[in-house]
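Build out the structure end to end from the sequences listed, making use of the hints.
Quick note, the sequences are listed as chains W and A, same order.
The working numbering puts the first residue of the first sequence at 7, with every later residue one more than the last.
The working numbering puts the first residue of the second sequence at 7, with every later residue one more than the last.
Please note: incorrect hints may appear among the correct ones.
Identical chains share a label here; the pair holds if one copy fits it or two copies do between them.
As the list claims (entries may be wrong) - Pairs of lysine to aspartate or glutamate, EDC-like flavour, derived with a Cα cap of 16 Å: (1) 133 <-> 368; (2) 40 <-> 123; (3) 18 <-> 127; (4) 83 <-> 342.
I should point out that these hints are in silico values taken from the structure, not numbers from a laboratory.
2 protein chains.
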Amino acid sequence: MRMSQLFTRTSKTIPADEQAKNAQLLIQAGFIHKEMAGVYAYLPLGKRVLDNIANIVREEMNAIGGQEVQMTTLQPKELWERTNRWDDKVVDNWFKTKLANGTELGVGLTHEEPIVDALSDFIDSYKDLPVRVYQIQSKFRNELRAKSGLLRGREFIMKDMYSLSRSQDEHDRVYEEIVEAYHRVYRRLGLGDDTYRTYADGGYFTERFSDEFQTLSDVGEDTIYVDETKKIAINEEILTDENLAKVGLTRDNLVQKRAVEVGNTFPLESKYTDALDVYYTDEKGEKQHIIMGCYGIGVSRLVGVIVEKFADEKGMVWPKNVAPYQVYLASVGRDESILEHAEVLYKALTDAGIEVLYDDRDVRAGEKFADADLMGIPYRVVVSGKTIASEQYEVKSRTDDQVQLLDQDSLMKMVART
Amino acid sequence: MRMSQLFTRTSKTIPADEQAKNAQLLIQAGFIHKEMAGVYAYLPLGKRVLDNIANIVREEMNAIGGQEVQMTTLQPKELWERTNRWDDKVVDNWFKTKLANGTELGVGLTHEEPIVDALSDFIDSYKDLPVRVYQIQSKFRNELRAKSGLLRGREFIMKDMYSLSRSQDEHDRVYEEIVEAYHRVYRRLGLGDDTYRTYADGGYFTERFSDEFQTLSDVGEDTIYVDETKKIAINEEILTDENLAKVGLTRDNLVQKRAVEVGNTFPLESKYTDALDVYYTDEKGEKQHIIMGCYGIGVSRLVGVIVEKFADEKGMVWPKNVAPYQVYLASVGRDESILEHAEVLYKALTDAGIEVLYDDRDVRAGEKFADADLMGIPYRVVVSGKTIASEQYEVKSRTDDQVQLLDQDSLMKMVART
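Put into structure tokens, the structure is as follows:
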């Protein structure tokens, strides 16, 4: 993409109505547009980041047999009444709306009920299970406060997976496979080392724990206690001696940390399947309960978490696999030969499948470099009179102050996504 | 994908609550699930069709300089009051909801206002124009009746593009480029020959016509008059002698047809940009109006249109570029060698990038063939004792009764997407 064609541009002004660093930087760099508190539109660069994260999540969900669906935002009241999750006194963050004839509808905040309802058409016998389905789509939650930018939205993008299994044992195996896939997702996003599987409350109907995936961050809303040797944590909310004994952690080995939840996995036993009257028939012809789990990853929240986690005083810093473009190519100087060389390199990189944001604008080098830093593109490549003379290119990593002179082959190897 | 792993399956029962052929067949084949009238979830096969159509649209929008964004579903009232499109007496198909504090919000039905508002941050001078942005996402319209399956939904997927230009001349050039892109989209979807650019009403504030893209179909809600030589049409709603003269059509050359609208392009002049107070400064430093256009393609409606258009008595018939899978691979017979050969072919095709639905179930050949036909997969490939003996594969096109025996190379050439 040529900067001269991109409709967004950066701004030097920090938006006055944003307190969160992630929203401030994403707005200044032209990645997102604030529609209202907790509701953000994705502009081209932000949309690319969002899609990159979504695609990593999608690949890992597909790899463990996840089948992608797209459920609806509009939700019929009757379905949610069957599980007692319609009443605003029970679920307090519904957005609700009405059909022209007055029929009340919900605006999708999660999808356990419609997923079980849709799957029930296809589940009779033990041969039809286990099943794992997922979707990546907008969810709507009527939060009282929304001040954390993309970390807590009223409208946000989520991956939600649901598993249905024949027994608690089978569920536990499926559940652990999904946990492993979650670890792979966070590693690929550059958050692996700082993201802990964290024991948390399982909800009122089960004595099991759920698992949260918590990324260490000073802006996190959660307090967790980390066992750095075992690479596991426990949420402060359930930190009791009894629970520590259950999960095999010792208070002395725990370190208190602030963290932000980037995913969760919930054992639901047969709460929803029973309530919606969905069972399967086993090998002996007997009716059996279906054991369910649900598994979330906050895709748009991760955009915000990555900004908070890696940003420095110059701006955002995107991990290679997430960045909207891998290379920020800047021509420095307006000599015809400089522009020609920059065009040739732009084409060569693009033809090799490398995503390049080419700053072809007639502005000072300092302005180009500041934009490259603010946008957080992993590599800045400069074509100037000097680089042409040396028959190499000047390359600087966003996280390194040193510039290197590289030929085209070495450059391509360096910038490729992992 | 192995059929034994796919969670959906086909049904022999026509759903009693569906009148539209598209919804009946898509539900029977397990492509979609009805949530309520006009609101459908996409199951794995339906999601693949939807994504295939969306990707063709995306490629063609990108090719003409479209920049992809993702606007929000939740909409602030104040923005729409500025264009007088908030009041239910003016726009009668809003879904509306409320924040916890009582503030009214809209549920996105179109995005002219938020697009102009977001772009206004980036438009000052003539250098910032023209711009073309688009998105592909769910829209919500509170329709009184919804009986046509995917042809008229309350929740549906749409591509909406918006252009902002410096002058009416520039707008007209951009507009015609987009019209050409639309023709390419419909050709790639297999609808090119039967889809007509159709003059239609431009709305109350302009004397210009809008253009509809109408696909001939007996289930269409529109009546159009086609000039088959000029390959252009006019909507019955504006069929007057005065209008015919304006567009250079002659009543005698027109044939009346039923058609369904699969896209539209609207000249908006400066209606929305003026109302939202967005202008640009020209080379002389003078403030100028911005000329806008909006351009829709009904992505989920196209799923329904393609079903209606091509289905036969055996089921759906997907064009190659749209089909959820290119090949339905069926093993016939349970001999070990048959299953081994089928596995080898499945792997070879998949490795070559061909999308295969492999029916590895232990069911009768007739049942497999009926499912292949109902699902409308373009090619059915059979591995049986007979095909192994001949060292070839039995291939049948969905639209042809003849089976052919082909070796692997010829098979691959035949089934590849165009």
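Handout entry: Identical-chain pair category, residue 133 with residue 368, by Cα at 16 Å
Key = Classified as between; 12 Å across copies, 65 Å inside a copy.
Exercise for the section: With 16 Å as the alpha-carbon cut-off, assign the pair residue 18 and residue 127 to within, between, both or neither. Expected result: between (55 Å within a copy, 13 Å between copies)
Handout entry: Within, between, both or neither: residue 40, residue 123 at alpha-carbon 16 Å
Key = Answer is between; shortest inter-copy Cα gap is 10 Å, intra-copy 35 Å.
Problem - residue 83 and residue 342: within-copy, between-copy, both or neither at 16 Å Cα - result: Answer is neither; intra-copy 66 Å and inter-copy 51 Å both fail.
Checked against the numbered hints given earlier, this structure breaks only hint 4.
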